[in-house]
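Once you have looked at the hints, place chain R on chain A.
These are the residues of each chain, in order.
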Amino acid sequence: MAGRVRTHRAVSPWLFLLPGLAVVTAFSLCPFLTTAHHAFTDARTLTPGGWVGLRNFREMLHDEQFWVALRNSGLYVLVVVPFTVLLPLLLALLVERRLPGVAFFRSAFYTPVVASVVVVALVWGWMLDDRGLVNGLLRVLGAGPVHFLGDQWLLLLSAMALTVWKGLGYYMVIYLAALAGVPRELHEAAAVDGAGALRRFVSVTVPAVRSTMVLVGALSSVAAFKVFSEVYLLAGPTGGPAGADTTLVMLVQRTGTGLNGRVGYASALSLVVFGVALVLMLLVLRANRRGREGG
Amino acid sequence: MRSRGRVVRGVVRYALMLVVLAVTVGPFLWQLSTSLKGPAEDVYTSPPRFLPAHPTGANYAEVADVIPVWDYALNSLKVAVASVLTNLVGASTAGYALARLRFRGRRAAGLAFVAALLVPLESVIIAQLTLVRDLGLGDTLVAVVLPGAVGALNVLLMRNAFAGVPYELEEAAVIDGANVWQRFTRIALPSVRGTLAVVAIFAFTGAWDDFLWPLVVLSDSDRFTLTVGLNFLHGTFQQNPRLVAAGTVIAVAPLLVMFAVLQRYFFRGVGEGAVKG
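Protein sequence lines, in the order shown, are assigned to chains A and R. Counting from 1, one number per residue, gives the positions in the first sequence under UniProt numbering. Counting from 1, one number per residue, gives the positions in the second sequence under UniProt numbering.
Bound-form chain A, shown alone (with noise of 0.2 Å):
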């Protein structure tokens, strides 16, 4: 009896893990090794390949669209990140008091998270078009036509401009979670002290919210540096004028895919993806644990 109610307690705990430990080991962790070994061998589609060293990553050295491609994904993260911390959480600070209606405005501004990506690249690509909502408005002010859609670089910034507003009410939510454990007498204790709206938003608001601030940079970044469907979307497959607005992800997508896909190429090329957001979110962690010990 008692050997029974020992296995039985061993076993339920791994029965319990099984489902999720399964998948999250054969669909992640498993492909990552292979992927870690496909960067070193010739592999395609339809054939294993051989081992080559470090070929992939000196042919990536004189691959101009490699070099494109992370210049895009970085462009990215050094436009994206800034607005994806601050402007969620202005919102959150507008919509963080429990007045009427504002139920309704956090779920209202919460449906660009919930429409899928290739909807709201639709909308857009419709909004911005030659002839669309955004051009007929510029008109009216004499403005225009602005052809968002057929440059290289107005591509990459609408791409941008999507990305942060579809992430707005997501990390809105990530904010209001933390604002909500921000006591309130430090807000009224400022207020009393003559504190203007600016002073209490620098002095006591960004203080209390610093570690999901620098959450938010670290998620977001990592999220923007592997953008693919904003941009394949917008800019169409081959990725904007002459390719120019290729990012990283929709080169390994390219390259690896396909009956004839470059296997060993395209997993060398996101073993660089990993490795940058990876460094990313080091890099952010680290700067906060800096500013925490100089404040």
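If you are wondering where the hints come from, they were derived from the structure by calculation, not from laboratory data. Idealized CB from N, CA, C, for every residue including glycine. Mixed in with the good hints there might be a few duds.
[Said to hold, decoys possible] Facing chain R, a subset of chain A residues (Cβ under 8 Å, in silico):
1. F32
2. V95
3. W126
4. L233
5. A266
6. V273
Okay, now just chain R, sitting in the frame of chain A:
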């Protein structure tokens, strides 16, 4: 004087909320308006006309002639429902084990989920593709569901939620002789309903909205999900934006309905601290 300042601040707050509302929801309303405009109505006017002159549902019927939009919607629905079920079961059982059960290897199991969180899906997509092909599942809806069937983030959310439930509740049940499964289903699960709603919403929207993975794994157009299918409407832009608009409204409407129904639980779940990670 003070109360007047408060009124002004209140008005400014609501005015700002309306501006943000226009920015976040406005584009969808513009899309809805476009989808209701008849073929005779100019959609390129300047200044833009926000209300259709003669609202019509004809575009919704016509978009189905261009792409089998309802079949695609059904495929997306199958994938999303399956993903909700697998995530609710897989994440809550695993989360419960990590939060409440004591056994050798618990730390290692927890680390496996954290490690999985660090591996970006985009960086293993080629290996996943090879894997589902080797399993003989290439180009199937099952293959679309599998990689996200139990999200690592959802497991960790559930673990945090269970860890926040007072243990005394379960202790009483242990004394009454309840086994692990009974404790899990009768006491633990009902206490974390908010987080379950959050996981359900994340899983549904994640599956319904996913684009890169179904794009890579599906090649037979009969099995396309809505996102992959809609991508093909892209080419019809120049001909008729009304049809594209109708297609996007079909894609977004079910989600908005679901979110409207569940949003109360969602924001309560968020309040439980579910999103703090």
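Hints, verified against the model:
1. F32: Where the cut-off is 8 Å and the nearest Cβ of chain R is about 5 Å from F32 of chain A, the hint holds.
2. V95: With a minimum Cβ separation of about 7 Å from chain R (threshold 8 Å), the hint on V95 of chain A holds.
3. W126: holds, 5 Å
4. L233: holds, 7 Å
5. A266: holds, 5 Å
6. V273: holds, 5 Å
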